[in-house]
Structures are given as C-alpha cells and as structure tokens.
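Produce the entire structure from the sequences given, and follow the hints as far as they go.
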Amino acid sequence: MINAVLVFNNSGQPRLTKFYTQLDTSVQQRLISEIFALVSHRPASACNFLPLPPLLASTTPPPTPNQPHNDTPSLITYRHYATLYFILISTSTESPLALLDLIQVFVESLDRLFENVCELDLIFNFETLHAALGEMIVGGVVVETSLEKVVSGVKGQGKVAKRRETPGIGVGVEGLGAIGRGWR
Amino acid sequence: MFGHDMSWASFHVLEVMSCPKYPQKRVGYLAAVQSFRPDTEVLMLATNLLKKDISSPLPPTMSLPLITLPHIITSSLALSLLSDLLPRLSHSNPNIRKKTIAALYRLALVYPDTLRAAWPKIKDILMDEGEDSSVTAAVVNVVCELGWRRPRDFLALAPRLFDLLVDSGNNWMAIKIIKLFATLTPLEPRLIKKLLPPLTNLIRTTPAMSLLYECINGVIQGGILEGTEGAREGDEIASLCVGKLRGMIVVEGDPNLKYVALLAFNRIVSSHPNLVSMHQDVIMGCIDDLDISIRLQALDLVAGMVNSDNLVTVVERLMKQLRNAPLTTRTADDGRSNVLGVEPVADSDGEDPEETLRPTVEHKDHSPALPTEYRLTIIRQILDMCSKDTYANIVDFEWYIDTLIQLVKLVPATSQSSSESYGSGGRNLSQEADVGSAIGWELRNVAVRVSTVRSEAVRAANSLLAMVRSDDSSFSSGGQGVLTFAAWVVGEYSESSALSYAAMESLVHPRAHTLPALVICAYLQAVPKVLVSAVSDELLCWDSERKTMVSLLVARIIHCLDPLTTHPNLEVQERSVEFLELMRVTSQAVMGHGVENHDGPLLLTRAIPQLFSGFELNPVAPAAQRKVPLPDNLDLDTPINTHLAGLLQRADQDFSLDTEAVEFELFYNQRPTQRAINGPAFDKLPTFEPELETSSYQQTETSLSDADVILRKRNERRERYKDDPFYIGNDDVSSGTSTPFHDILRSTNGEDVDVDSIPIMNLDLGDHGVGIDGSSIDARKQKRKRLKKVHIAKDENIDNESLVINRSHPMAMALHQRAQERAKRSLLQVDSSGLSRFSLDSSENTIGQLDIEKQEAQDNEMAKALAEVERLRLEMQRASERIQATDGAPAEGTMVKKKKKKTTKKLKDATAEPMAQDENKSHLESRQGPEDVAGIPVLGRKKKKMRPATSNPDDEKGVQAD
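The listed protein sequences derive, respectively, from chains A and B. Residues 1 to 184 (the UniProt record's numbering) are what the first sequence spells out, left to right. Residues 1 to 962 (the UniProt record's numbering) are what the second sequence spells out, left to right.
None of these hints come from the bench; they were simulated from the model. Just to be clear, a hint being listed does not mean it is correct.
Derived list of chain B stretches under chain A, where covered just means 3 residues or more per stretch with a C-beta under 8 angstroms from a C-beta of chain A [unchecked claim]:
hint : region
1    : 58-71
2    : 95-106
3    : 130-142
4    : 258-269
Here are some of the chain B residues that sit facing chain A, going by a computed Cβ distance under 8 angstroms [unchecked claim]:
hint : residue
5    : H4
6    : D5
7    : V16
8    : P20
9    : L30
10   : A31
11   : E214
12   : V251
A virtual CB, placed ideally from N, CA and C, is assigned to each residue, including glycine.
Here it is, written out as structure tokens:
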C-alpha cells in the first residue's frame with residue numbers, strides 16, 4: 001500500500017502532505033526534510049527511486065525470504081516537475097514503475113483540472129488538490145488510475161476555481177446542486 | 001496541513017465537519033484527515049456525524065467520510081460504523097463502491113472482524129462480470145494487499161483473477177494480479193503451468209514497461225523459475241526474462257529501468273547466479289553509473305554473482321573506482337544549484353511558480369564525488385565478496401593480501417583524528433565496527449587460516465605498522481582499526497629475526513603512543529612476542545656482542561613502556577605495568593648472565609617463550625562451543641546445599657520486616673568479596689573489616705543473628721566517616737572492594753597475569769574450549785585442498801552441521817523470535833498483526849458472525865429502548881401540548897406507528913410499568929455502549945428521523961451538548 005504522498009517545492013516547503021498512517025507533526029516534518037535532503041541532491045539524470053531516509057531505514061527489518069512482503073515502507077518514488085517534487089512512500093506490494101505512472105496520472109489530472117497547472121494553483125486550491133488525490137488513493141489503496149475518471153470525479157464534487165479569480169474560494173454552491181441532480 | 005500542529009483546533013474542525021453545506025463540510029473533513037489521529041479525543045463525538053454522512057443521499061457528501069475514515073479509524077469506531085458502511089458496497093454509484101472497499105480494507109486492519117461481514121460482498125463484486133472496471137480494480141488492489149498476509153485464503157479466487165489478468169487490459173490491475181499470483185504460486189504449484197503462457201505472452205508483447213517488469217518480477221518471485229527448472233519452457237522463460245532485463249539496462253538508457261532491472265537481477269542472483277553472470281558486462285557498466293542508487297544496486301548484484309573466475313576483475317574494477325573518484329566535497333548546494341537552476345520561492349513572488357509543471361529535461365554530466373558511506377560500502381562489499389564461503393573464490397592469496405593493504409590506504413578519513421581518540425580510550429573504535437578493523441579482521445583471518453601465505457601476511461602487517469611509524473600520508477585515520485590486528489599478526493607469526501627487528505622498530509616507536517588506546521594494547525601485547533622471535537637466533541650462540549644487542553633492545557622496550565604506565569586508559573596502564581616488570585626482570589637476567597657457556601639466559605630462552613606458545617590457534621565455528629558434550633559426572637540438578645530452603649525460611653522468621661532488605665543486600669553484595677579473599681590474600685586487605693565476613697552466603701544461622709550488630713557498626717562507621725573527604729563511602733560495597741581485589745591479584749600473582757591475558761585478543765578464535773576438549777572428543781580438522789595447494793583452515797567444529805543447528809536450536813529460535821518481536825515497528829507502518837491471524841475460511845464464519853450479530857442485537861435493543869423513550873416523551877408532549885394537536889398529531893402519530901413496526905412485536909406488550917423500567921435501562925445502556933458519550937447525539941438522530949425538517953439544528957445541538 002501507499003504510506004504517504006508528499007508534494008513539496010524546490011525549497012522543501014510542503015504543498016501537500018498526506019500520511020495514510022498518522023505520525024506526529026514533528027516526525028512528519030523531520031521525514032519531509034530528510035527526504036528533501038535526499039531528493040534535492042539528485043541530478044536530473046538519476047533514477048526516480050530514493051534510498052530510504054535515515055528515519056525510515058533505521059527501523060526497517062531486512063526482508064525475509066519466506067515472507068515476500070511486509071508492512072514496512074520500503075520504496076520511495078519521486079518525480080520532479082518544474083518547481084515541485086511529488087513523492088510516494090509505499091510498501092513492497094506496489095510496483096515501482098507503476099507508481100511513477102501513478103504520479104504522472106496525478107499530475108496530468110491536476111493539469112487537466114487547472115488547465116496548465118502550476119504551483120500557485122496548488123497553493124490556492126488545495127481542496128481540489130486533495131480531492132484529486134482522494135479520487136485516486138483512499139486509505140493508501142489506489143482506487144482509480146484512469147485520468148478521465150479522476151477528473152470527472154473531482155469535477156463532480158464542484159466547480160474547480162480558475163486562477164486569478166478570487167483564489168481561495170474553491171467550490172461554488174451552485175455546483176453542488178448540479179451534482180446532486182447529476183449523480184442520481 | 002503543511003506540518004503545523006493544529007490539535008488545538010480539533011473541536012472547531014468537528015464543528016465545520018458538521019456544517020450542512022458541502023464546501024464547508026469538505027474543508028472540515030479535509031482538516032480532519034490532516035490533523036486527526038485515532039487517539040484524538042473529539043473523535044468520539046464524530047461517530048454520529050460520520051454515520052449520518054455515510055448514509056447521506058448525496059454521493060459527494062457520502063464519499064467524504066469514506067475518504068476520511070482510513071485516517072482516523074479505531075477498532076471501536078470501526079465496530080460502530082461497520083453496519084453503516086456495508087450497505088454502501090451495493091450503492092449505485094461505482095465511485096462510492098470503490099471508495100467503500102478501500103475504506104473497509106483499512107477498517108479490517110484495525111478490526112479484523114470487518115472482513116467476516118464484508119468479505120462475501122467484496123467477493124461478489126469481484127466475481128461480477130458486469131461490475132464497473134475501476135471497482136474491480138479497486139477490489140483487486142485490496143485483495144492484493146490482503147493476499148500476502150494470508151495467501152491461502154485467496155487461492156479460491158485464482159480462476160477469476162486469471163480471467164481478469166488475461167482479459168482486462170488494465171495494466172495497473174494486471175500488475176496487482178501478478179503480484180498476488182507471485183504470493184499464491186508457492187502454495188499451489190499447478191498455477192505455474194497455467195500462468196506460464198499468459199505471462200510469456202505478456203512479456204513478449206506488452207508495450208508497457210511497468211507491466212513487463214512486473215511480469216518478470218512475478219516470474220522470479222513466484223518461484224516460476226524454480227518450478228519449471230529443467231523443462232523446456234522453463235529455460236525459455238528464464239532466458240526470455242534475463243534477456244528482457246538486459247534490454248532494459250542497455251537499450252532504453254532510462255535510469256529507472258536500469259534500476260528496476262538491477263533490482264530484478266538481484267532477486268535472481270541468489271538462485272541463478274550463472275544466469276546473471278552471463279550479463280556481467282552490462283552490470284559492471286552499471287557500477288560506474290552516475291547515479292548512486294544504481295551503483296549500490298549493481299554493487300549488491302556484483303557481490304552476489306562473483307565466482308573464482310571473475311573475482312579479481314570485479315575487485316580490481318571497484319578498487320579503480322575508489323582510487324579515481326575525487327574526494328567528496330560535502331557542500332550541500334553545489335549539487336542542487338546545478339540541477340535546478342533558478343530557485344523560485346512561491347510565497348514571495350508569483351512569477352516563477354507560473355511556470356508549468358513539465359518534466360525537467362536538463363542533463364547534468366560530471367562524475368559525482370563518492371560519498372563516504374558509499375566508499376565504506378564498497379570496501380565492505382569487497383571484503384564480503386572475497387571472504388565468502390571461507391575464501392572459496394580466492395585463488396591467489398598473495399593478491400588478496402596486497403588488495404587488503406591497498407584498501408587500508410583507501411579507507412576514507414574519519415572525522416575524529418587520532419589525537420582525539422587518544423584520550424577517550426578505545427571506545428570510538430569499538431563503537432562503530434569500523435571498516436579499518438574489518439580489513440584487519442580479514443588480514444588476521446588469512447594469516448590464521450592460510451598457513452602458506454602467513455609470512456606474506458606478516459610482511460604486509462609489518463608494512464602497515466611501518467606506514468604509521470613513518471607517518472605515511474596515505475594512511476588515513478580511518479584505517480587505524482587495522483593496526484590492532486596487524487600488531488597481533490606480527491606478534492604471533494613473525495619468525496625471521498630481520499622482520500622482527502623491523503616490527504619491533506614500529507612497535508616501540510614514540511609515535512605509537514599517540515594511537516588509540518585499543519591499538520596500544522595490541523602493540524603492548526605484541527612487544528614481548530616479537531622480542532622473543534627477534535632474539536631467538538641470537539640466543540643460539542651467546543657472546544658478548546649478542547648480549548649487548550639484546551640488552552639494548554630490552555632497554556629500548558623499557559624506555560618505551562615506561563611512559564605508558566601513566567596512560568589515561570586503564571587497560572594500557574595495566575598491560576604496560578605488567579610487561580615493564582617482565583622486561584626489567586629480563587634486563588637483569590641478561591645483564592647478569594655470563595657469556596661463558598654459550599647459552600642464553602634461561603628467562604629468555606625458556607620462560608618468556610613459553611608464555612606465548614601452546615596450542616596452535618585454529619578457527620572455531622561459532623556454534624562449536626555449544627556442542628561440547630557434557631561430562632558424565634557433571635550434575636547440575638542436585639542442590640549444592642540441601643538445607644537451603646529451610647535456611648531461607650528461618651532467615652525469614654528471624655528478621656523483622658525493616659531490616660530484611662538490608663540483610664539481603666549484605667547477603668548478595670558481599671558474597672563475591674568473600675570468595676575472592678580466601679587464604680593468605682585475606683590478610684592483605686587494607687580497608688576490609690573482619691566483622692563483615694561473618695555474614696556470608698555459606699554461613700549457618702548462628703552467625704546470621706549477628707547481622708544486627710554488623711549493621712549497627714556499619715552505620716556508626718558511615719556516620720564517622722561521612723565528612724571525611726578521603727574516605728569513600730562504604731555503602732557502595734562493590735566499588736569499595738574492587739580496588740583491594742585488584743591489588744591482591746596484582747601483588748600476589750605478579751607477572752603470571754599475562755598468561756591469562758593472551759586469550760583476550762584471540763577470544764573470537766576460541767582455541768580454549770575445543771583446544772582442551774578437542775583432544776578427547778575427536779575434533780575434526782577439515783582442511784581443503786585448493787588450487788596452488790593453498791590450505792584454508794575451516795572452522796573447527798565437533799560435527800559437520802554447524803550453523804544449521806544453531807538456527808534450529810530451540811533456545812536460539814526462541815531468542816530469534818523474541819528479537820523479531822521486539823524489533824521496533826517502523827514509522828509509517830500499518831499495524832496489521834491482527835489481520836494476519838484472521839482467517840476468511842467460511843467454516844469460521846459461524847463463529848465470526850457472533851460479533852456482528854451481537855452488535856446488531858445491541859443496536860436493536862438500543863433502538864428499541866430509544867423508541868420507547870421517544871414514545872414516552874411524545875405522549876407527555878401530546879398531553880401537555882394538546883392545543884397543537886391539529887398540527888402535530890398526524891405527523892407524529894404516523895411516525896410512532898412506523899417506529900412500532902420497525903422495533904417489532906416486543907413493543908406491543910409493553911405496558912406502563914415496564915415502560916418506566918425501560919427508560920432507566922436505556923439510560924444505562926447509553927452509558928455502557930460504545931457510544932457512551934454519544935448518548936445525546938443518538939437521541940438527536942432519532943429526532944431527526946421524526947422531523948427531518950429540523951434535523952440540522954438538532955444535530956448541531958447534539959454535538960455541542962456533548
């Protein structure tokens with residue numbers, strides 16, 4: 001399963017943190033900064049898999065041959081888009097390459113929702129950002145991988161605000177009424 | 001949300017969550033997801049709200065609690081929400097269905113009984129051909145997560161999963177199914193045959209790299225390679241997989257593919273090293289990759305695939321890498337600024353973030369400096385590779401020793417310099433088993449095991465010592481750990497006197513005094529041994545010239561040892577004092593010995609050599625000690641003192657309660673002292689009081705009665721000396737007595753002590769136990785013939801199975817298990833231990849139903865009681881508000897009827913008297929139940945059902961009233 005989804009920018013400021021197992025805020029911060037330290041030193045040509053940060057590595061037991069999987073997070077996949085890093089922390093039950101695709105779908109769906117998405121969109125419309133993630137991953141389980149369905153799912157929850165028109169008000173009320181009829 | 005603590009706002013979050021408007025509700029739920037923990041207190045108040053929203057008519061509202069639940073779920077919350085969640089599995093909207101499935105999975109993790117109720121429905125969804133594809137995919141995801149925990153329960157699903165794999169065309173789902181099958185195949189070998197054709201087909205045809213990789217991975221992990229071993233299609237798929245993996249490394253040039261391909265290779269390598277080593281060229285290429293992650297993987301892989309043919313090439317290549325790479329510059333910013341270019345800060349100006357999110361295309365090309373950790377990893381891997389299976393892969397040991405010496409030079413410098421570690425003793429060396437001592441370990445191991453290259457090893461060790469002496473710049477502080485072992489090798493095996501003189505030169509050099517204490521200890525121990533071997537041939541023909549030489553040498557040693565007697569480290573101090581005395585005696589013997597009889601002084605020719613000679617040191621298997629059979633006459637069961645029980649009983653009776661504790665302390669703390677001083681040594685105790693001795697472990701009851709007197713005296717004394725700064729308090733018996741004990745040993749035993757101290761260094765080789773017993777038990781010495789006639793001494797053992805026994809030993813097993821249990825749980829880890837003990841077998845369902853039924857029964861009862869209360873209330877209301885009868889009565893009347901219907905016949909015979917009782921009962925129950933705090937909200941919910949129009953204000957009141 002996926003243990004956490006993180007998005008932070010080039011200077012390590014978090015834009016989205018979603019931990020599917022709850023941690024203390026301070027531990028979350030440490031984890032983010034450790035991962036950022038790892039990720040920010042990687043050249044663009046490097047592969048998109050990170051070694052475990054010290055916080056996680058210290059507690060990870062070595063895999064045993066008769067038990068192929070376990071509950072400990074063992075895989076950190078990241079992707080770097082312009083100013084943002086997208087990071088997935090997951091257990092060994094996820095496929096590394098598929099996770100890369102998942103990040104791609106996530107970003108593409110954001111792009112579709114915001115039309116040419118940028119970091120500011122994510123800052124001011126964090127609700128839409130979280131809604132998109134909520135359409136794809138529930139409780140660490142991936143529930144949707146198709147771009148269209150994610151986009152329509154988020155749109156179904158209400159209007160997605162466009163940039164430069166009163167940022168902060170994410171969803172209009174009339175949108176809500178519309179979905180109520182549309183979904184039934 | 002961005003890492004700020006907002007636990008103070010929990011209640012407000014709850015308020016927003018209960019807003020009727022969807023946008024506000026969404027924000028509230030989002031805040032709950034980000035900030036609530038399963039132990040957040042206000043969560044108890046949210047139960048009802050969650051229940052309400054789960055059964056909301058609007059799908060968006062409905063999905064909010066579904067998304068939120070996994071973050072806040074506790075087993076009690078799961079218990080109360082389960083009945084509301086289950087109907088959502090058959091909701092008309094696929095979006096809701098799939099989210100419910102995912103939420104149920106998380107419920108099951110904390111409350112395994114969820115599955116008993118939910119599993120049949122989930123299974124139906126999976127089996128349903130007409131189901132929405134994304135719902136099926138969600139189910140497969142969940143099944144895959146559950147699958148590795150209890151694969152046996154999911155074997156029955158194999159046919160359906162197989163169909164999905166072949167027909168679906170959804171790559172994500174196919175990957176998950178393959179992952180699941182990989183855990184299923186070990187249980188059901190027939191699956192392999194069935195899976196092989198579609199997997200092969202997928203590997204051949206799929207354009208999606210992720211699916212291709214997972215297919216190969218599934219083939220590897222599912223044991224399909226082993227399962228089809230020998231058969232034609234088995235070879236076919238093996239070569240197909242490996243070929244594709246090679247393609248992923250070579251052709252694509254994508255670092256991600258390289259990485260995962262190496263991962264896959266790593267999984268094969270343990271079972272099929274030959275398959276992997278066919279592609280050695282590609283893998284070796286990856287060792288020089290720019291990316292450290294890839295390098296590390298390749299390094300692991302290389303370590304797995306070495307054999308005697310390619311070992312030298314591989315190691316040489318790694319050495320070259322170590323040698324050529326520039327030293328690390330630990331500046332954080334140089335890497336980053338190169339990669340990222342301008343660094344926009346989104347908060348400060350809105351310009352840069354406007355840039356669209358597009359994959360970065362810039363490429364950077366310079367060979368990265370090797371970080372220290374990576375260097376250490378390489379060195380360790382080289383050592384591991386070479387020493388694998390007791391040097392099975394090494395043909396040329398001289399090459400190996402040479403490599404070891406070069407490795408020492410390549411060890412990166414550690415942060416603490418030698419002068420710093422001087423004061424703190426050997427601690428920082430032993431704390432982190434540093435790589436220097438790992439190399440030293442190897443050097444010593446080779447010297448011990450391979451007798452043919454022993455002289456070579458001694459020469460190498462000698463050169464290492466000389467390097468330190470001459471302050472060779474290539475010898476960094478990181479490699480100091482090797483010196484301990486080098487000194488030992490030199491001391492133990494130096495034979496030719498020329499070498500010994502050189503070694504002595506290094507050992508007594510003043511520079512040695514600045515080394516870490518642990519190294520100095522080894523040096524000190526080696527000095528007399530080297531002396532013996534250095535002067536051995538001088539002694540053959542004793543004349544005045546020789547006499548001068550030897551006495552000079554001894555004088556030098558004394559000169560070197562003298563300052564060390566005041567070394568801050570106790571160990572160094574002790575050894576130097578001992579050897580200094582020995583050397584002084586030797587010097588006197590040499591001086592006093594005449595040159596007439598052409599024989600050296602007896603002390604040098606006989607006494608000192610005998611201190612260090614004895615059994616030859618042979619490596620002993622770690623488990624050998626345990627296998628030494630118990631002697632027949634050893635009886636551990638008979639009590640030594642048969643009257644112990646009675647003794648203790650009487651002791652209990654004699655002592656009053658308050659003195660008992662003190663007596664026990666006397667009993668147990670003083671026993672070792674008593675044991676130590678038996679015989680004449682007793683008299684030499686300077687500060688020891690004879691009275692204390694009376695309370696001994698072995699004493700009979702009569703003397704125990706004196707304990708009170710002793711105690712009184714002791715207290716008096718303590719009082720007397722309380723203010724005396726020169727008196728160390730007597731109450732800490734252990735520290736007070738250890739010094740005299742130490743003194744006694746030193747003064748009585750004198751130089752004999754160094755006989756005991758020899759095994760301190762050699763303890764890991766364990767010559768003691770078997771060396772003595774070995775003669776009688778027929779210990780086997782297995783020596784292996786090697787090419788070039790190299791003998792590698794194997795671990796000595798009593799019988800052949802060595803470590804295997806160790807594992808299966810019950811105690812070891814228990815310890816191992818306990819250690820595993822004790823192992824700290826990782827951060828971010830989901831605790832699913834409850835789930836792994838849980839079975840989905842239908843036979844157990846009957847028992848499992850109990851919980852759910854109980855819960856339902858409880859709910860029913862609660863509803864009944866509440867309905868009763870409601871009815872009473874309504875009746876009273878009706879009585880008091882007869883004026884509004886026209887308006888209120890019809891609506892309420894019908895509702896009551898509805899209630900009655902719902903809560904079945906039992907209500908019908910309810911009379912006025914039981915009614916009052918019921919009312920009490922309901923109060924009671926609302927306290928007992930899981931929603932004890934939520935007693936009022938429950939009422940609120942009922943009210944809402946009656947008067948839907950006013951539901952919201954009521955509800956809010958309900959929340960706030962709590």
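Hint check results:
Using a Cβ-Cβ cut-off of 8 angstroms, 9 residues of the region 58-71 of chain B lie near chain A, which meets the minimum of three, so the contact claim holds. Against chain A, the region 95-106 of chain B contributes 8 residues with a C-beta closer than 8 angstroms to a partner C-beta. That satisfies the three-residue criterion, and the hint holds. Interface restraint, the region 130-142 of chain B with chain A: holds (5 residues with C-beta to C-beta distance below 8 angstroms; minimum three). By the rule of at least three residues with a Cβ nearer than 8 angstroms to a Cβ of chain A, the coverage given for the region 258-269 of chain B holds, with 4 such residues.
Proximity of H4 (chain B) to chain A holds as hinted, the smallest CB-CB distance being about 7 angstroms (cut-off 8 angstroms). Annotation: interface hint on D5 (chain B) holds; nearest CB of chain A at approximately 5 angstroms, less than 8 angstroms. Interface restraint check: V16 (chain B) against chain A, minimum CB-CB distance 13 angstroms, threshold 8 angstroms, status violated. Taken as an interface hint, P20 (chain B) does not check out: its beta carbon lies about 11 angstroms from the nearest beta carbon of chain A, beyond 8 angstroms.
Against a cut-off of 8 angstroms between C-beta atoms, the interface hint on L30 (chain B) holds, since the closest Cβ of chain A lies about 5 angstroms away. Violation of the interface hint for A31 (chain B) is found here, the shortest Cβ-Cβ separation to chain A being roughly 10 angstroms, above the 8 angstroms cut-off. Taken as an interface hint, E214 (chain B) checks out: its beta carbon lies about 5 angstroms from the nearest beta carbon of chain A, inside 8 angstroms. With a least beta-carbon distance of about 16 angstroms to chain A, the hint placing V251 (chain B) at the interface is violated under the 8 angstroms criterion.
Of the numbered hints listed earlier, those contradicted by the structure are 7, 8, 10, 12.
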